[in-house]
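K.L.:
Guided by the hints, dock chain B onto chain A, whose structure is given.
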Amino acid sequence: MMGRTEELITRLASEGAVPRGNMPQHFLLPLALVSAVCIGATALLLDNAFPTYHLRGWMPMVVKWGFSISLLLIASAALLLLGKPGRPSGWMLAALALPFAYTAYFVLPDLVLRTHPWPGEMWERCLLAMGIMSPIGFAGAIMAMRWLAPTNLRRAGLVAGFFGGAVAMTAYAPFCPGEGAVYLLAFYFAPIFAMAGIGWLAGPRLLRW
Amino acid sequence: MNLGERLDALMATVRGGKEAAYGQFLTEASHAIRNTLARRIGADADLEDLVQEVLIAVHDKRHTLDPGRPVLPWINAIAKYKLIDHWRKKGRSPIVLEDADDEVAADEFAGMDVAVLLDQLPEAQAEAIRLTHIEGLTGAEASERVGIGLSAMKLRVHRGMLRLKELVAEKE
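Protein sequence lines correspond, in order, to chains A and B. Numbering of the first sequence is given in the working numbering, commencing with residue 96 and proceeding in unit increments. Numbering of the second sequence is given in the working numbering, commencing with residue 77 and proceeding in unit increments.
No lab work stands behind these hints: they were computed from the structure. Any given hint could turn out to be false.
Stated by the list, open to error - In silico lysine to aspartate or glutamate, EDC-like type, Cα no more than 16 Å apart, as pairs: (1) B:LYS241 with A:GLU102; (2) A:LYS179 with B:ASP136; (3) B:LYS94 with A:GLU110; (4) B:LYS165 with B:ASP125; (5) A:LYS179 with B:ASP142.
Only chain A is shown next, with the shape it has when bound in the complex (with noise of 0.2 Å):
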């Protein structure tokens, strides 16, 4: 049996040492792509964009791109990490925390005041939109994570659901009229965290290696 094993390691030995293909080409292009196809169909596919500008300024698209762009920032790196065995991913999962946080502070005195009409303008739309978008996004996290090495498969399908709701969002915002805490709650946040469970429950089927 030992002998089988070493007859292992030569051949192995004599496929060499040089990693198999590389990082921007395994991980970070497919969650560009995902990303670039999400926001490329939007922007082709939806007029007006920016609709409340002209009343609200930019304050709505920093709310809600600021929550999308760095959630699908940080999951990007907790998607990295998760994907090298022995490394430490604990606190990229706190940090994923982190847009939750800076939303909360723009939206919370909304959710006490309710100074926006729910469910407001188009929300069809939206609810549309992130369950379009967030699949092909959680898809292409998930091609991403396959070149690694994830050994802790739910976490890494549940950041690969963050993933994927951040980019659906990210695509969506600048096309919706809506606004408020209950709306960002039902709209975008319920569907990410939807996204964020099945990649939960899926991680260990799409994922094993």
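P.N.:
Chain B in isolation, oriented as in the chain A frame:
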């Protein structure tokens, strides 16, 4: 110098351009893997199978070890993951694959009916060899078609080929 330091030094040597040290790195890695697994499962009959599976994973996923990072925690994490996966698989489907090796030169099969030889192998191994050595699929393509991981496919080919080698030796 302890095992972890030897592994770090060997990996640094390999990445410094001395590819010849890679075999020695894998040998030292196999000791580390065996130690880690033996602590968890003792002298289990599956120990050496698992060592081989983890070695293949270490080789396939070598790009996930960042330069300068300690090697041992990385290897241990892979070993633990593969052990859990092994337990999961055994829990669901208690199939024990045969031991084997795949370093078989093509001319060893000269004059023999390969189909007959393959029939004497477990179906999973025979299928793996048919796909990769007869149909000419890559390991990744074959693993996708069968619906298993690349490492598992390589292990099936590896074990099937060794069994074939034994069958050829028995016939000679």
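K.L.:
Are the hints correct? Go through all of them and say.
P.N.:
Hints, one by one, checked against the model:
1. B:LYS241 with A:GLU102: holds (13 Å)
2. A:LYS179 with B:ASP136: Roughly 13 Å separates the two Cα atoms, so the pair holds.
3. B:LYS94 with A:GLU110: holds (14 Å)
4. B:LYS165 with B:ASP125: It holds: about 14 Å lies between the C-alpha atoms, which stays within 16 Å.
5. A:LYS179 with B:ASP142: holds (8 Å)
Hint check: no violations occur; every hint is consistent with the structure.
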